[in-house]
Amino acid sequence: AYSDLPRLRRELDTLGASGVTVLRIVAASEGPSDAPLQVWPTLQPSPGKFDEPMAVALDRVLAELRQRGMRAILTLNNQWTWSGGFATYLTWARGEGWRSIPYPSAHMPSYWEGRPQSLRPLDPSADWHRYQVWAGSFYSTPKAIALAEGTLRFVLSRVNSLTMVAYRDDPTILAYELCNEPRAVADSAEGDLGEVE
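Note that my numbering has the sequence shown beginning at 1, numbered continuously upward.
Any given hint could turn out to be false.
[What the hints assert, rightly or not] Subject to a maximum C-alpha distance of 25 Å in a straight line, what follows is the list of computed DMTMM-like cross-link-like pairs (lysine to aspartate or glutamate):
hint, residue 1, residue 2
1, K49, D127
2, K143, D123
3, K143, D51
4, K143, E52
5, K49, D123
6, K143, D169
7, K49, D34
8, K49, E96
9, K143, D4
10, K143, E113
11, K49, E149
12, K143, E181
[Stated by the list, open to error] DEER-style ranges, computed between Cβ atoms:
hint, residue 1, residue 2, range
13, S110, L5, 30 to 38 Å
14, Y176, S137, 19 to 27 Å
15, S157, E113, 26 to 34 Å
16, D51, S137, 43 to 51 Å
Quick caveat, the hints were computed from the structure, so don't treat them as lab data.
All residues carry an ideal CB built from backbone N, CA and C; glycine is no exception.
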């Protein structure tokens, strides 16, 4: 919807013709343009600053779904780094940059090769468990939670610029998902607490 509206329409038509009536879509994304391993552009490139063209793109998706009698589940946060999510909120809350994120990229060690040191994380060898424990601190970081709540307020109070229907009143929105694949993970001494859903 942001960069290729004809493609969006073709894909929605194909999905509709296949019988799909509900799509789960990422409604919020966070982070600066230089952050690796994540989508760009994002809805929120810096704390509390929302990109209006990206918000209009979300409006467009909802309008296109509405025209086809389809509905959406809007995902509003993410355990994983590919849309910003917990990791970005934590770095913002702590006054850090993306380099402090322990990206779970140990399974692809060559990813960081050839990149200048300034474009690598401080620890390029983190594993999934280390990342999950680190990201799990989102739950105990009030400032990170407050930043995420600001995104919730932005989305939930938005009025679609194309349909003029408030998101909170739009029957196109079937549900809101607070977070994609949230997990509460403890360090190895306490054991894995598993998924929280």
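The hints, checked one at a time:
Under the criterion of a C-alpha separation no larger than 25 Å, the hint pairing K49 with D127 is inconsistent with the structure, at around 31 Å. Simply put, K143 and D123 have alpha-carbon atoms about 24 Å apart, close enough for the 25 Å limit, and the pair holds. A distance of roughly 21 Å separates the Cα atoms of K143 and D51; the hinted pair therefore holds under the 25 Å criterion. Between K143 and E52 the alpha-carbon distance is near 24 Å, which keeps this suggested pair within the 25 Å criterion.
Simply put, K49 and D123 have alpha-carbon atoms about 28 Å apart, too far for the 25 Å limit, and the pair is violated. Only pairs whose Cα atoms come within 25 Å are accepted, and K143 paired with D169 is rejected, the gap being roughly 29 Å. Only pairs whose Cα atoms come within 25 Å are accepted, and K49 paired with D34 is accepted, the gap being roughly 16 Å. With a CA separation close to 17 Å, the supplied pair K49 and E96 stays within the 25 Å bound.
A threshold of 25 Å between alpha carbons decides the hint, and for K143 with D4 the separation of about 35 Å lies outside it, so the pair is violated. Among the hinted pairs, K143 with E113 is inconsistent with the structure: their alpha-carbon atoms are about 34 Å apart, more than 25 Å. Restraint check: the Cα-Cα separation between K49 and E149 comes to about 13 Å, which is no more than 25 Å; the hinted pair holds. Only pairs whose Cα atoms come within 25 Å are accepted, and K143 paired with E181 is accepted, the gap being roughly 21 Å.
S110 and L5 have their C-beta atoms about 36 Å apart, which keeps the hinted 30 to 38 Å range intact. Between Y176 and S137 the Cβ separation comes to about 24 Å, which falls inside the hinted range of 19 to 27 Å. The given range of 26 to 34 Å is broken by S157 and E113, whose C-beta atoms sit roughly 44 Å from each other. A hinted range of 43 to 51 Å for the beta carbons of D51 and S137 is inconsistent with their spacing of about 27 Å.
In this structure, the earlier hints numbered 1, 5, 6, 9, 10, 15 and 16 are contradicted, and the remaining ones agree with it.
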